[in-house]
Amino acid sequence: MTALLEVDGLRVAVNGGAVVLDDLSFSVARGETLAIVGESGCGKSVTSLAIMRLLPPALRLTGGAIRFDGADLATVSPTRMRDLRGRRIGMIFQEPMTSLNPGLRVGEQIAEVLRIHEGLSRAAAWRRAVELLDHVRIPDPARRAMEYPHRLSGGQRQRVVIAAAIACRPDLIIADEPTTALDVTVQAQVLELLKSLQREIGSAVILITHNLGVVAQTADRVMVMYAGRKVEEGAVAAIFDDPRHPYTSGLLRATPDPTRPRPARGVLHEIPGMVPRLGARASGCAFRPRCARAVPRCAEGVPPLLATNSGLAACLFAQEGAAA
Amino acid sequence: MTPRARRIARFLARRLAQGVALLLCIAVLDFALLHAVPGDAADAIAGEAGTADPGYVATLRHQLGLDQPLPVQLGLYLGRLAQGNFGYSFRYGQSVASLILERLPATLLLMAASIGFAVAASLVLGTLSARFANRWPDRLITLVTLFFYATPLFWFGLMAIVLFGVHLGWLPTGGMYDVARPRTGLAFALDVARHLVLPAFTQACFFLAIYTRLVRTSMLQAYGSDYVRFARAKGVGELRIALRHVLRNALTPLVTMVGLNLGTLLGGAVLTETVFSWPGIGRLMYDAVFQRDVNLLLSILVLGSVIVIVANLLVDMLYAALTPAVELR
Chain A
1 MTALLEVDGL
11 RVAVNGGAVV
21 LDDLSFSVAR
31 GETLAIVGES
41 GCGKSVTSLA
51 IMRLLPPALR
61 LTGGAIRFDG
71 ADLATVSPTR
81 MRDLRGRRIG
91 MIFQEPMTSL
101 NPGLRVGEQI
111 AEVLRIHEGL
121 SRAAAWRRAV
131 ELLDHVRIPD
141 PARRAMEYPH
151 RLSGGQRQRV
161 VIAAAIACRP
171 DLIIADEPTT
181 ALDVTVQAQV
191 LELLKSLQRE
201 IGSAVILITH
211 NLGVVAQTAD
221 RVMVMYAGRK
231 VEEGAVAAIF
241 DDPRHPYTSG
251 LLRATPDPTR
261 PRPARGVLHE
271 IPGMVPRLGA
281 RASGCAFRPR
291 CARAVPRCAE
301 GVPPLLATNS
311 GLAACLFAQE
321 GAAA
Chain B
1001 MTPRARRIAR
1011 FLARRLAQGV
1021 ALLLCIAVLD
1031 FALLHAVPGD
1041 AADAIAGEAG
1051 TADPGYVATL
1061 RHQLGLDQPL
1071 PVQLGLYLGR
1081 LAQGNFGYSF
1091 RYGQSVASLI
1101 LERLPATLLL
1111 MAASIGFAVA
1121 ASLVLGTLSA
1131 RFANRWPDRL
1141 ITLVTLFFYA
1151 TPLFWFGLMA
1161 IVLFGVHLGW
1171 LPTGGMYDVA
1181 RPRTGLAFAL
1191 DVARHLVLPA
1201 FTQACFFLAI
1211 YTRLVRTSML
1221 QAYGSDYVRF
1231 ARAKGVGELR
1241 IALRHVLRNA
1251 LTPLVTMVGL
1261 NLGTLLGGAV
1271 LTETVFSWPG
1281 IGRLMYDAVF
1291 QRDVNLLLSI
1301 LVLGSVIVIV
1311 ANLLVDMLYA
1321 ALTPAVELR
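The listed protein sequences derive, respectively, from chains A and B. Start counting the first sequence at 1; every next residue gets the next number (this note's numbering). Start counting the second sequence at 1001; every next residue gets the next number (this note's numbering).
If you're looking for bench data, these hints aren't it; they were derived computationally from the structure. Every residue gets a Cβ at the ideal spot worked out from N, C-alpha and C, and that includes glycine. Hints should not be assumed to be uniformly reliable.
Said to hold, decoys possible - Quick list of simulated restraints, FRET-style, between CB atoms: (1) Leu1016/B <-> Ala124/A: 39 to 49 Å; (2) Phe1132/B <-> Ala18/A: 24 to 34 Å; (3) Met1159/B <-> Ala280/A: 35 to 45 Å; (4) Glu192/A <-> Phe1147/B: 55 to 65 Å; (5) Phe1132/B <-> Gly279/A: 26 to 36 Å; (6) Arg293/A <-> Glu1238/B: 33 to 43 Å; (7) Tyr1286/B <-> Arg143/A: 31 to 41 Å; (8) Pro56/A <-> Cys1025/B: 34 to 44 Å; (9) Ala123/A <-> Val1028/B: 50 to 60 Å; (10) Trp1136/B <-> Asn309/A: 29 to 39 Å; (11) Pro56/A <-> Ala1097/B: 31 to 41 Å; (12) Ala65/A <-> Met1159/B: 32 to 42 Å; (13) Ala1021/B <-> Glu192/A: 37 to 47 Å.
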């Protein structure tokens, strides 16, 4: 089966300067959920914005292909891209508090998608918007549709955003930290909603998160990013069991596991240091300065992605058993 | 009544009560200020008549009621004001109310034209500036508006008269209409419009500069907002984004600013109307100052306060209509 989305050698750079995404390749099959994880500043959101061709003006796509169902989004015309956005690719952003226009009724903000892409009349689009609100389990949808965003809670707003993103039953949903800004209890509900909608529509989902618990719950495959590159990729269960990149294992050890009894949990590990600033990335393996396993050889060029039992990992020691 | 209508009614009632109290304070303050200035109408009239005969001045002062103690004068003045009676201008030999009513339309026309022009032009220039942020169209607009901002209004008016009125001869340099022409119908309206161009433009310049910067900033902010990015992610086209998502949200700071500026604008009318001999309230006020026509001056000041208070109330309501998150209470 060919992939729905195939990103190949994607490069994004600050205008005339530092490289943000470097030679990033991955693919997403129809109906699959791919999680992209990594700390803030690793290029997860930039990846999603690059796919949507919505990079902020300071960033530029400098190379690579983004094949989506036959078309290369990297070179497609703005008009064609606009037609794909919202209709075949839906996007959910991190901040439900600010994603909605404060001056428009939430119903209108959903109906807008349907009017643009499906040419529905004002009244028909509104009716569908109310149905969609019901679909994302907002109580009393007919009345809620008339409200302005400031009257809704964060969870409800994110449901509205989701309703707008799935209104045209897209083939691909990109969710950029969709639950990060929400309360924990609401997070679970929103994730559950997203999963059930995905099953119903059959969309593929790219889920961007730094919450590994969310990954374990929702994703089929996971891609770990560090400093604008893919450092490890594979099936979620395999990667979680047997991480081969020191960064991945660092992330896993930094995640509390409430299922284990407290004494056995021990002290939560942290990865020393910070994600390098743009333009200040180390030569060779970018993770080298923070890696306990680093040897001089790590500075000699970017480590290639090596096949491992669990997938691919960009570490010289990836094939030598579990990462420290 | 719906809850919303009740809320608005309550809001209006409260603001109206506040407005009346404010007006009273302003009236007393104006009265005190004007009487702190040496010289009165009797001095001015006697001076113009060329006599300094103390007996004549004293008689005049008695006739004008200026020989009574200040608190009594204040009481009489406030009492008259409460009845909506603005008093009598001895300089013009006419009731103040009729004098003001005669001049008010000219000033309102000038204010409306200059505000309208400033808002319309700033929307265009500010939008252009934001779209080309930090590139040459933006820099050019910034330069021009900075020039408008920094130039004194009267100088601008004089230069406009010299250029467009004297050298190019395109536009009349003063007055509100041509006395030699018929004062009816479309021809009259066109005539007034021609006379309006220079004073309205002159008065608008300063505000145009502020508003353009404001529109530029709020447009940039709106374009960089999450909801515009979300709208783009929904596949909304640029025109629709500009009109539906950006403009409306960018408009609210402008509305606030215009409301705040209405008072300044009324003050600026004095200069503009003097430079362009526009027969409005500003000129009347200017003349009243020199003629110590306290009755007239006080009435104009109070009327000005009324206009500002009412305008601010309207702006607040407009603001609530534009921004759903703002509710009148």
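### Query
Of the hints given before, which are not true for this structure?
3, 6, 7, 8, 10, 11, 12 and 13
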